[in-house]
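Chain by chain, the residues run as shown.
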Amino acid sequence: MRNYKNVIAAYSIMIFLIILVGIFQSWSIALTILNYCLISAVMTIGANIQWGYAGLINFGIMGYTALGGLAVVLVSVEPVKKAWQVGGLNILACVWIIVAIIFVVKFILNRFDKSKLRNYSVASVILGGIILLRVTAAPGIEAIESVDPAKTGFLGGMGLPVLFSWIVGALLAGSLAFVIGKIALGLRADYLAIATLLIAEIIVSIIKHEEWLARGVKNVIGLKRPAPYEIDLQTSEWFINLVTKFNSSKLNLINSISDKQEALNQMVIDASSVYVKLCFTGLFLTVVIILLIVTQKALYSPWGRKMRAIRDNEEAASAMGKNIVKEHLLIFILGSAIVGLAGAMMVTNDGLFTPGSYRPMRYTFVIWVMVIVGGTGNNFGAILGGFVVWFLWVEAAPIALFLINLFTSHLPETNAVRVHLIESAPYFRFLVIGIGLLLIMRYRPQGIIPEKIIKQ
Amino acid sequence: MDFLNAIIVLFNFTVIPALAYGSQLALGAIFVTLIYAVLRFANFATGDMMSFGTMFAVILTYYFQSLGFGLGVLPTALLTIPFAILMMILYMLIIDKFVFSYYRIKKSPPVQFAMVSVGVMFVTQALIRIIIGPSDRRFLDGEKFIIKATEFKEITGLAEGITLKSTQAITIIVTLIVVSIMFWFLNRTKTGTSMRAYSDNEDLALLSGIDPKRVVLITWVIAGILATIGGVLYGLDKSYRPFVYFNNMLPIFAAAIVGGIGNPFGAFLGGYVIAFAEIFVTYAYKRFISYLLPEHLEPDSLLQLLSTDYKFAVSFSILVIVLLIRPSGIFKGKVI
Numbered sequence: 025m026r027n028y029k030n031v032i033a034a035y036s037i038m039i040f041l042i043i044l045v046g047i048f049q050s051w052s053i054a055l056t057i058l059n060y061c062l063i064s065a066v067m068t069i070g071a072n073i074q075w076g077y078a079g080l081i082n083f084g085i086m087g088y089t090a091l092g093g094l095a096v097v098l099v100s101v102e103p104v105k106k107a108w109q110v111g112g113l114n115i116l117a118c119v120w121i122i123v124a125i126i127f128v129v130k131f132i133l134n135r136f137d138k139s140k141l142r143n144y145s146v147a148s149v150i151l152g153g154i155i156l157l158r159v160t161a162a163p164g165i166e167a168i169e170s171v172d173p174a175k176t177g178f179l180g181g182m183g184l185p186v187l188f189s190w191i192v193g194a195l196l197a198g199s200l201a202f203v204i205g206k207i208a209l210g211l212r213a214d215y216l217a218i219a220t221l222l223i224a225e226i227i228v229s230i231i232k233h234e235e236w237l238a239r240g241v242k243n244v245i246g247l248k249r250p251a252p253y254e255i256d257l258q259t260s261e262w263f264i265n266l267v268t269k270f271n272s273s274k275l276n277l278i279n280s281i282s283d284k285q286e287a288l289n290q291m292v293i294d295a296s297s298v299y300v301k302l303c304f305t306g307l308f309l310t311v312v313i314i315l316l317i318v319t320q321k322a323l324y325s326p327w328g329r330k331m332r333a334i335r336d337n338e339e340a341a342s343a344m345g346k347n348i349v350k351e352h353l354l355i356f357i358l359g360s361a362i363v364g365l366a367g368a369m370m371v372t373n374d375g376l377f378t379p380g381s382y383r384p385m386r387y388t389f390v391i392w393v394m395v396i397v398g399g400t401g402n403n404f405g406a407i408l409g410g411f412v413v414w415f416l417w418v419e420a421a422p423i424a425l426f427l428i429n430l431f432t433s434h435l436p437e438t439n440a441v442r443v444h445l446i447e448s449a450p451y452f453r454f455l456v457i458g459i460g461l462l463l464i465m466r467y468r469p470q471g472i473i474p475e476k477i478i479k480q
Numbered sequence: 470m471d472f473l474n475a476i477i478v479l480f481n482f483t484v485i486p487a488l489a490y491g492s493q494l495a496l497g498a499i500f501v502t503l504i505y506a507v508l509r510f511a512n513f514a515t516g517d518m519m520s521f522g523t524m525f526a527v528i529l530t531y532y533f534q535s536l537g538f539g540l541g542v543l544p545t546a547l548l549t550i551p552f553a554i555l556m557m558i559l560y561m562l563i564i565d566k567f568v569f570s571y572y573r574i575k576k577s578p579p580v581q582f583a584m585v586s587v588g589v590m591f592v593t594q595a596l597i598r599i600i601i602g603p604s605d606r607r608f609l610d611g612e613k614f615i616i617k618a619t620e621f622k623e624i625t626g627l628a629e630g631i632t633l634k635s636t637q638a639i640t641i642i643v644t645l646i647v648v649s650i651m652f653w654f655l656n657r658t659k660t661g662t663s664m665r666a667y668s669d670n671e672d673l674a675l676l677s678g679i680d681p682k683r684v685v686l687i688t689w690v691i692a693g694i695l696a697t698i699g700g701v702l703y704g705l706d707k708s709y710r711p712f713v714y715f716n717n718m719l720p721i722f723a724a725a726i727v728g729g730i731g732n733p734f735g736a737f738l739g740g741y742v743i744a745f746a747e748i749f750v751t752y753a754y755k756r757f758i759s760y761l762l763p764e765h766l767e768p769d770s771l772l773q774l775l776s777t778d779y780k781f782a783v784s785f786s787i788l789v790i791v792l793l794i795r796p797s798g799i800f801k802g803k804v805i
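Same order as they appear, the protein sequences are chains A and B. Counting from 25, one number per residue, gives the positions in the first sequence under this note's numbering. Counting from 470, one number per residue, gives the positions in the second sequence under this note's numbering.
Read the hints as simulated data drawn from the structure, not as lab findings. Keep in mind that this is a model prediction, so the values were computed, not measured. One or more hints might be untrue.
Restricting the straight-line Cα-Cα distance to at most 25 Å, the calculated cross-link-like pairs of lysine-lysine (DSS-like) are [as the list claims (entries may be wrong)]:
1. Lys175(A) to Lys130(A)
2. Lys780(B) to Lys242(A)
3. Lys566(B) to Lys755(B)
4. Lys476(A) to Lys575(B)
5. Lys613(B) to Lys707(B)
6. Lys682(B) to Lys707(B)
7. Lys707(B) to Lys232(A)
8. Lys321(A) to Lys350(A)
9. Lys780(B) to Lys232(A)
10. Lys232(A) to Lys105(A)
11. Lys274(A) to Lys350(A)
12. Lys350(A) to Lys130(A)
Work out the full structure, taking the sequences as your base and the hints as a guide.
Put into structure tokens, the structure is as follows:
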């Protein structure tokens, strides 16, 4: 029972901190932080499955997150009919060419013995294929990108509900993980880290530069939402009544009718943004709880025991007849799919898709810090890590600013050191995260909430 | 004549930039590979350590410029490199003392080392941004060009010219000097031999009386020299921007692995392999071909295999191919 007390205490502190932000800054900011904490929690569950359960080091989290985001665009945006008319055929032809290349390469690899000739022919097929692809795609891409380039200039999506894209995001990320896993999983741990880091970079650069796909660095804005829009709320009768009811005591203090109306308007605007964020919080919380239940069940199932056995001693598990390659691939796909889901959730929450913002610092290394700090191999720990680290990541700058002001208050306003420090306050988040990670690694390598082994 | 023109176009737009870029990558890759060979971990703080050393060179360059020191036609930064190296080595030794040595004594698995180096990466990045800020800085002074295209055309009377920037020449020359001294040190001196022995088999090296502390110290010293020089050369050639240095870590890793990680000579060549591949695959061959073919056959398109946006993607793809076909790299490195 003592273990659970730790967990409950840690989570209560976290909730208390977020409430403090609500009181001191604003409820809207507190809910934004909470939503991002929940999204981070989903990512850490994914990373924790790979690292904590199976000991696979995956530095490609950024790639799966971006792919999940791409899924939102591909699923929920209305299709751009004109773009499909002018260039759709070329793009479909390209898909067939890619499929053909894969089959030809597979055929050559299966049919002929290992030789120089085989290597050269595979290389020439791939090279020829790329040239053919460029020739076929070029006119189509040009035509698509010139269709109203300020607003569309891409193929658009399928116009389906946005929640559906969460599943698609997970599927996309999972299938990519299958391909990458086939290529890279045989590598030693630190090689795998480097390889996945670089492959993620390739994926993001493709999403960034293929503008016909999702507008690339031009960004897609105004994505669909699973929650109501603020503007609609502000004009609907029931919502204004609700706000009036909640704030009736405050409103009654104001005497003049015009002042009252103004105060009410402001309250409705504030409340609408809080309401929308609460809707998102509800959705995200549902996802986190479902994932938590499933992963907890899995962890203490025979399958979970098998994974831990493989993690702790590969040779012994292999000697017991466990198929390590298969299990590693499976867990690589599962973890990546969950990260893809988180990526889709994040883009849905933001309402925009900005491929330029995917950077390994923010989307790979910070997530890893979350898993390590929270507790590897323990889902409660991983989620807590997501909360703590995201909270620090966001609040480090204001806290640093406060401390700098406190310690330099004896210096004049124009002191060069003070001005410089205040300007660089946002970068203290890197320092806090880095030192936090180093301290945890050194003095509590199993994380805040360590892995718990239940003896069965 | 047309043939000569074609060669010069190719030389000017691919070979010279690739040699310069390859040298910068090679220095970084040797740094990665040395740390991997002797200290046995993949250092994810590589890019930021290079950036850290360069930062001192930038600050000192500004200081020297304000004092009026300089090397005339050569950039002032060359004068500041020794001081920057000292600061860099000091920083690395402090990091090693307070962070890495604990895990080395505990003989932690390489994955744990990699995660610790991620922590060091965060801290280094924070320090850089707090000290010098994230903005773009140019610190090149002195003569910018050795040969300008127009001068070259006048001298030779050809239609195409060669532009040789002084930074490119400095990069290539300095790299060759540094790398040859390093190889001489590793292969010919007693300390170098003891380092290689330690890297090959730690226990045997200890038995034969090699002092591990000394080996580690010397590794960090060489690493500091390579990181700072590589960083400063890159900064002179392009410009100094912390974020770009972090990104450069990726092709550097690719170069180290392609060459066979743990093998310094492989890393040196790997840098050039990556640089040449990046530039050859993303170069538009239209002008080159148009000199070779008769006029009515001139191509309409740019004849570019991949757009320059995919520069990084090319090097990573090479890495993936190498990992698939020959996981130990072109020159056999440590066994994976």
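Going down the list of hints, with the structure as the test:
| no. | hint | result |
| --- | --- | --- |
| 1 | Lys175(A) to Lys130(A) | 41 Å, violated |
| 2 | Lys780(B) to Lys242(A) | 20 Å, holds |
| 3 | Lys566(B) to Lys755(B) | 55 Å, violated |
| 4 | Lys476(A) to Lys575(B) | 24 Å, holds |
| 5 | Lys613(B) to Lys707(B) | 12 Å, holds |
| 6 | Lys682(B) to Lys707(B) | 37 Å, violated |
| 7 | Lys707(B) to Lys232(A) | 23 Å, holds |
| 8 | Lys321(A) to Lys350(A) | 21 Å, holds |
| 9 | Lys780(B) to Lys232(A) | 13 Å, holds |
| 10 | Lys232(A) to Lys105(A) | 23 Å, holds |
| 11 | Lys274(A) to Lys350(A) | 63 Å, violated |
| 12 | Lys350(A) to Lys130(A) | 21 Å, holds |
Hint compliance for this structure: hints 1, 3, 6, 11 are not met, and every other hint is.
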